[in-house]
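There are 2 protein chains.
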Amino acid sequence: MIDLNRRQLLAGAAAAGAATALTSSLSPARAAVPPAGAQAPGFYRYKVGSYECTSINDGVFLRPVDNFVANIPKEQAEAAAEAAYMPKGMVAVPFNPQLINTGSKLVLIDCGNGVSMLEPSKGRAGRTLQNLAAAGVDPKSIDIVLMSHLHPDHTNGIRAADGSMAFPNAEIMVPAKEWEFWMSPENAAKAESNTMMKNYFANVKKVYAGIESKVTRYDWGKEVAPGITSIATPGHTPGHTSFVVASGDSKILVQADVTNIPEFFLRNPDWHVVYDTDPALAQETRHKFYDMAAAEKATVVGFHFAFPSIGHVEKDGSKYRLIPAVWSPVI
Amino acid sequence: MIDLNRRQLLAGAAAAGAATALTSSLSPARAAVPPAGAQAPGFYRYKVGSYECTSINDGVFLRPVDNFVANIPKEQAEAAAEAAYMPKGMVAVPFNPQLINTGSKLVLIDCGNGVSMLEPSKGRAGRTLQNLAAAGVDPKSIDIVLMSHLHPDHTNGIRAADGSMAFPNAEIMVPAKEWEFWMSPENAAKAESNTMMKNYFANVKKVYAGIESKVTRYDWGKEVAPGITSIATPGHTPGHTSFVVASGDSKILVQADVTNIPEFFLRNPDWHVVYDTDPALAQETRHKFYDMAAAEKATVVGFHFAFPSIGHVEKDGSKYRLIPAVWSPVI
Chain A
1 MIDLNRRQLL
11 AGAAAAGAAT
21 ALTSSLSPAR
31 AAVPPAGAQA
41 PGFYRYKVGS
51 YECTSINDGV
61 FLRPVDNFVA
71 NIPKEQAEAA
81 AEAAYMPKGM
91 VAVPFNPQLI
101 NTGSKLVLID
111 CGNGVSMLEP
121 SKGRAGRTLQ
131 NLAAAGVDPK
141 SIDIVLMSHL
151 HPDHTNGIRA
161 ADGSMAFPNA
171 EIMVPAKEWE
181 FWMSPENAAK
191 AESNTMMKNY
201 FANVKKVYAG
211 IESKVTRYDW
221 GKEVAPGITS
231 IATPGHTPGH
241 TSFVVASGDS
251 KILVQADVTN
261 IPEFFLRNPD
271 WHVVYDTDPA
281 LAQETRHKFY
291 DMAAAEKATV
301 VGFHFAFPSI
311 GHVEKDGSKY
321 RLIPAVWSPV
331 I
Chain B
1 MIDLNRRQLL
11 AGAAAAGAAT
21 ALTSSLSPAR
31 AAVPPAGAQA
41 PGFYRYKVGS
51 YECTSINDGV
61 FLRPVDNFVA
71 NIPKEQAEAA
81 AEAAYMPKGM
91 VAVPFNPQLI
101 NTGSKLVLID
111 CGNGVSMLEP
121 SKGRAGRTLQ
131 NLAAAGVDPK
141 SIDIVLMSHL
151 HPDHTNGIRA
161 ADGSMAFPNA
171 EIMVPAKEWE
181 FWMSPENAAK
191 AESNTMMKNY
201 FANVKKVYAG
211 IESKVTRYDW
221 GKEVAPGITS
231 IATPGHTPGH
241 TSFVVASGDS
251 KILVQADVTN
261 IPEFFLRNPD
271 WHVVYDTDPA
281 LAQETRHKFY
291 DMAAAEKATV
301 VGFHFAFPSI
311 GHVEKDGSKY
321 RLIPAVWSPV
331 I
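In order, the protein sequences belong to chains A and B. Position one of the first sequence corresponds to residue 1 (our numbering), numbered consecutively onward. Position one of the second sequence corresponds to residue 1 (our numbering), numbered consecutively onward.
Keep in mind that a hint or two might mislead.
Copies of the same chain are indistinguishable here, so a pair counts whether it falls within one copy or spans any two.
[Said to hold, decoys possible] For lysine-lysine, the following DSS-like pairs were computed, each having C-alpha atoms within a straight-line distance of at most 27 Å:
(1) K47 / K122
(2) K315 / K74
(3) K198 / K122
(4) K319 / K297
(5) K140 / K222
(6) K47 / K88
It should be emphasised that the hints constitute simulated quantities derived from the structure, not laboratory data. Predicted model only: the values in this text are computed from it and were never measured.
Work out the full structure, taking the sequences as your base and the hints as a guide.
This is the structure we're talking about:
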């Protein structure tokens, strides 16, 4: 009864196409419908207690595997990318800021690559403003932009296309340790010999030029906005911060970059993404964070998880695995 | 430096809230932004060669675990649901019809639960028409509704709210074996003692009453629409059909119900969903289909996968695992 085998599926479409008249030839003649040519908007709503949260997709950047993982042979990373069905020799890195409406404050946690990335990425990254617009959110209504750390994909979206403030009424909150690190001329001088770090220092300087007074520095272990508590998760950068968002009996962990893409660094928590400032500390943080998240069965939101970027983490021996949340049609 | 432990995260938000003044108190006073209260539209576009495809989310139905898996103890199924972070004692079953624009024909593969399910499901299911509208698709422009089989969640969407045809210009294509099975008075009589089967027979009779002449019956292994080939995958129902959609060098497998939810039946391919007509045959089909899909590294679209319902299947011993596709911001 079953005629299901590799050969049939490989050859099926072509063979059938050659041999079979279309049974649909009796349909009424109508003009063909043109392709839409554009993706659906990238936003997704979920509740945390009484808070309405929105995952905002800034896009997905494709980069060569190359030196993406600093402490393993390139071939091993390429094999992991292939096993995750990424384009040949490439890794796909998603970006997902989170919008939290606490009822009294509208808080944007991280703000993406910025619109200046739209063109060089062929529309793949820098989409936060357009996805906020699709979600019906006026950038002027955002009260706080809460930075997890000062890497470009998290912070450059603070600027609009003309260089003005993308969220003109927002207080900009930055981890105090992070601000201190990137604003130090001594640290910048020490980074001169490392191209990546040098570029990071230059980027922070450029993005924050003239708006230093708009920035509020915050400490770890504090409620930095209503129901949003900063959690020390250093290593990726010296001031890297995650957040607990809590309302009523509900709680989520907004991890930021405790890992980069889960296909690599949850599955292999001892792999080091090339962007880490202190990879050994990042690794230690990662294990502590996920051991806790798995034990607590906590909902984890990851900046670099696939949109809508919400899931749970389970232990798998000394590794971890992400269980993505099922898309809900209602909130 | 790290202060990351279970106690902090459990107690963090509350403790910090009691102890810390909000640093955001300096923000300019503005009216709070009301919650949006509605989910993002559930559609997602992807290309297969020159074809533009759209995954259309009909919703997600919540049902008690109860007898959902016919051949294992209820407790074991409940444990699997809990491990997948489904609501306590429940399973979440997503539904995802696929719209294929071949350039010459607009083909809808399966059509969801129908708008009559919107109210009883509290808006959780029966959303195909509204998500087609969100995607800018006029139901009148659909040329073919291609049924994988005649269970209510796949076929009842053929009717609009007033009972008229939801896709008035569409040819309705049904697997010949499926039509034969459900339209047989002898089979219906035999099913009288089985409530589920009795209801299924009654449903098919009701949904297709008066429109029998609009139905085209198709065979397996044929190109049933441009580039779309029917594949025999019986067991779930006698005429259950999957499809290869092929254009240029690209190809996907639209599996329909080779499994119900992957968290249960890909991970445990020998578990039998209660809805199977011939569970042993469905199990045999499942292994053949996924052994082939894994070997071919084929893109698989599953009606009951989490939206956007696209992924790859990898072997994991005698089991399988779904690797969901990463949401792409561009098509």
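Hint check:
Taking the closest pair of Cα atoms, K47 and K122 come within 27 Å of each other only across two copies (17 Å); inside a single copy the shortest separation is 32 Å, beyond that limit. Proximity of K315 and K74 under a CA criterion of 27 Å is satisfied in both settings, with 26 Å inside one chain copy and 25 Å between copies. In this homomeric assembly, K198 and K122 come within 27 Å of each other (Cα to Cα) only inside a single copy, at 26 Å, whereas the closest approach across copies is 54 Å. With identical chains, the CA atoms of K319 and K297 are at most 27 Å apart both within one copy (16 Å) and between copies (25 Å).
For the identical chains of this complex, K140 and K222 are intra-copy neighbours only, at 26 Å inside a copy versus 56 Å across copies, given an alpha-carbon limit of 27 Å. In this homomeric assembly, K47 and K88 come within 27 Å of each other (Cα to Cα) only across copies, at 17 Å, whereas the closest approach inside a single copy is 37 Å.
The structure shown violates none of the earlier numbered hints.
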